[in-house]
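**Q** Here are the chains, one letter per residue:
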Amino acid sequence: MLEIERLALHYPDFTAQYDLTVPAGALCAVIGPSGGGKTTLLHAIAGFERPSAGRLRFAGQDLLPLPPAARPASILFQDHNLFPHLTAAQNVALGLKPSLRLDAGERDRVAAALAEVGLADLAARFPAELSGGQRQRVAIARALLRGKPLMLLDEPFGALDPGLRRDMIGRVDALRRAHGLTVLMTLHTPEDAADTADLFAFVAEGRVQSCGHWTRLIAEDGPEPVRRFLGL
Amino acid sequence: MPGLQRPPAEIVLHPARLTALAILALVCGSLLGLAGAGSGAATPAPLGPYLQHIAASAAVQAGLSTLLSLPVGTALALALLRRRFPGRDLLLALLASAAVAPTIVIAFGIVAIYGRSGLLGTLSGSLGLQAPSIYGLHGIVLAHLVMNAPLVARALLHAFEREPGERLRLAAALGFSAVDCFRHLDWPLIRREAPALAVLVFLLCFTSFAIVLALGGGPANATLEVAIYEAVRFEADFTRAAALAALQLALCLGLAAGLAALTPPIRDEAAADRQASRPDAGALRGPDGFVLLLSIALIAPPLLSVASGLAALPLLASAEVARAAATSAVIAAGAGLAACLLALLLASAARSSPRGTRLPDLAAFAMLGLPPFAFVAGLYALLRGLADPALLGLGLVPLVNALMALPFAYRLLWPVLATGAARYGRLADSLGLQGWNRLVLVEWPALRGALGAAFAFAAALSLGDFGVVALFGGGDLTTLPYLLANRLGAYRTDEAGALALLLVLSAGCLAWLAQRWSRRHA
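Sequence order for the protein chains is X and L.
So the working numbering is basically just the index in the first sequence, starting at one, shifted up by 671.
So the working numbering is basically just the index in the second sequence, starting at one, shifted up by 54.
Please note: incorrect hints may appear among the correct ones.
DMTMM-like, lysine to aspartate or glutamate: derived pairs with alpha carbons at most 20 Å apart [stated by the list, open to error]:
id: 1; chain 1: X; residue 1: Lys819; chain 2: X; residue 2: Glu777
id: 2; chain 1: X; residue 1: Lys819; chain 2: X; residue 2: Asp792
id: 3; chain 1: X; residue 1: Lys768; chain 2: X; residue 2: Asp779
id: 4; chain 1: X; residue 1: Lys768; chain 2: L; residue 2: Asp234
id: 5; chain 1: X; residue 1: Lys819; chain 2: X; residue 2: Asp684
id: 6; chain 1: X; residue 1: Lys768; chain 2: L; residue 2: Asp240
For the chain L half of the interface with chain X, some residues (derived, Cβ under 7 Å), not all of them [what the hints assert, rightly or not]:
id: 7; residue: Arg223
id: 8; residue: Ala226
id: 9; residue: Leu228
id: 10; residue: Phe230
id: 11; residue: Ala232
id: 12; residue: His238
id: 13; residue: Pro242
id: 14; residue: Ala361
It is worth saying that the hints were derived from the structure and are not from the lab.
Just so you know, these numbers come straight off a predicted model, no measurement behind them.
Just so it is clear, CB atoms sit at the ideal spot from N, CA and C, and this is done for glycine as well.
In isolation and in its complexed conformation, chain X is listed as follows (with noise of 0.2 Å):
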């Protein structure tokens, strides 16, 4: 279970304060208007901001005090999460080796990630040569091999067509309850997660408003400044 109480952070023009439980093992969907603290919040669970106050844990453990790499969490990023002087074979063992000397057993392990998302015989291409949904599949497949039970997405399907953003919101799910993994994702269309988010977070001026299934949110006597935002 993620457990986040309190947690406060200030900026010179911005301040934000969260309280979220996300169940172990459920997806939820941040959404809320742009510049609410969406993003905010996610690189606070990763360790890439630092809260002033509050309480951020996971499955029991303080988050707080570990260093990013220390955290039991992977993120993706809407777009750079690869380099570019990389293949996508060697994006994907920089999961489990920045060094990137694997032996045969870990090469077979990133063989295996990346068959797991669909890209085996893309392994030897360079970032440039895959399209936008690809690149975004070999950072989950380098999320899946870091074995992290938190995953983080930060509006890593935006710039993708429709179609492909609800396949690889479906991926994720997928994924998620293969490896019983817990993930939170922001997303610009919410309707797109309607279907398989648990839960979903609405996040406004720096707090989390309101939290519920789909249905609440959108019912008639559901929350207004949600209805609001969804243009209901």
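Using the hints, position chain L against chain X.
**A** This is chain L only, laid out in the frame that chain X set:
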């Protein structure tokens, strides 16, 4: 694909192409003018062995300077990238000043620190030791290192700042060690930037003039540039000067073309948010501190030695200095504007071919190879019948200074326009946004930071320029560097120190203002 080709008239009449042709025509015209001003009888006979000697000694000197400046500058850039400390901005301003400080001031500072009667000489003298002379190859290389290591460091820092912040976060999330960071974050970028920087530094040192003249210690270390200066100034052998200048131009352009092929193409450098911190910042505190201290010890003393001119500043309160300062300011402003305009026109070729084009590149880098005073002398010889000499000089000097700053200004503007073309080129094409409208509506927001930097650089370079003025200075064309050389020659060291201080402060102010401007409009 015939549908994609532009009509021939449009290619020939492209502003970038026209500008490039005009610059190259000026270059050829000046060489012809110089050759024509000679006796007519070519005198290539005595050139043979001497020519080989000066070309070889210039190459050795420039090679050594480049081999030292690149690693030192790179280490400094990496240390500055990883470390945040009070005074970092001040150090950056110091680096900027060292990169644009007048060469004659650097020579002055080197002598003030390392000369026999300088700081180190006096110190070792009081210990009963005889300090080695600073004059010679090592003095030249040291001065070039002081100027070019900061240039390399700043260019690399700019390149690193354009990298996407996600890569740093990714590196942190993947637990990169310091070695991994170097291998996956730093090395690809260094490999991309280093060839162009190496060529730039090599050419700057190969054609170095004031430093070689001041610290060379005799003909043994003469460069082609110095030989050309002597041919024009003392021997009045213009034919020989033209031949030497053409040779140097050909050597430099050949080298630039050859090594430019090593540079990998620019990839789209998407907007970086600079808040991400380096994951290797903790590991390398010791080595970084060592690099920073060493660099400061190397670069700061020659620059700060001009502060000794502080006490003599009141000596400068004369009409002569005021007039020289005004002349310098007018020339510098003119050179800055002209450099921005020419660089913008040439770089506009990036819109249609973001990977680089031959002709604008050639025109932008031509003045790295051609000695500015040979260029001015040729143009002057060509035009002297047409206008008043003083007026001609006042027009020619800013133009030449602008052309000297063009390689830097062009390098600043080109990536901005190329990135803009990669991102918005199709959109602009589909909306029919071309020429002026495209500049104002699409490119201006990204361009103004780089334009400010280009203006400041060209103005600072022009402010400290001694080469051109050495030939034509005096009378109506007395600038601050000319006065400085004049006072140094007359052993009026106090006044010279005060003038050097004034020049470094002006260059530093320009660099600092440009940095603020660029940051605000980044």
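**Q** Hint by hint, note whether the structure agrees.
**A** Results for each hint:
1. Our distance criterion of 20 Å between C-alpha atoms is met by Lys819 (chain X) and Glu777 (chain X), whose separation comes to about 17 Å.
2. For the hint linking Lys819 (chain X) to Asp792 (chain X), the alpha-carbon distance of about 25 Å lies beyond 20 Å, and the restraint is violated.
3. Distance hint between Lys768 (chain X) and Asp779 (chain X) is fulfilled; the C-alpha atoms sit about 14 Å from each other, no more than 20 Å.
4. Taken as a hint, the Lys768 (chain X) and Asp234 (chain L) pair is honoured in the structure, with Cα atoms around 9 Å apart against an allowance of 20 Å.
5. A threshold of 20 Å between alpha carbons decides the hint, and for Lys819 (chain X) with Asp684 (chain X) the separation of about 33 Å lies outside it, so the pair is violated.
6. Annotation: proposed proximity of Lys768 (chain X) to Asp240 (chain L) holds, straight-line Cα distance about 18 Å (limit 20 Å).
7. A distance limit of 7 Å between C-beta atoms decides the matter here; for Arg223 (chain L) the minimum to chain X is near 5 Å, and the interface restraint holds.
8. Checking Ala226 (chain L) against chain X by beta carbon gives a least distance of about 4 Å; that is within 7 Å, so the hint holds.
9. Below 7 Å, beta-carbon pairs count as interface contacts, and Leu228 (chain L) has one with chain X at about 6 Å; its hint therefore holds.
10. For the restraint placing Phe230 (chain L) at the interface with chain X, the shortest Cβ-Cβ distance is roughly 5 Å, inside the 7 Å limit, so the hint holds.
11. With its C-beta approaching chain X no nearer than about 11 Å, Ala232 (chain L) sits outside the 7 Å limit, and its interface hint is violated.
12. With its C-beta approaching chain X no nearer than about 6 Å, His238 (chain L) sits inside the 7 Å limit, and its interface hint holds.
13. Interface hint status for Pro242 (chain L): upheld, as the beta-carbon distance to the closest one in chain X is roughly 4 Å, under 7 Å.
14. Taking 7 Å as the C-beta contact cut-off toward chain X, the hint placing Ala361 (chain L) at the interface is violated, the least distance being around 36 Å.
Violated hints, in rising order: 2, 5, 11 and 14; the structure is consistent with all others.
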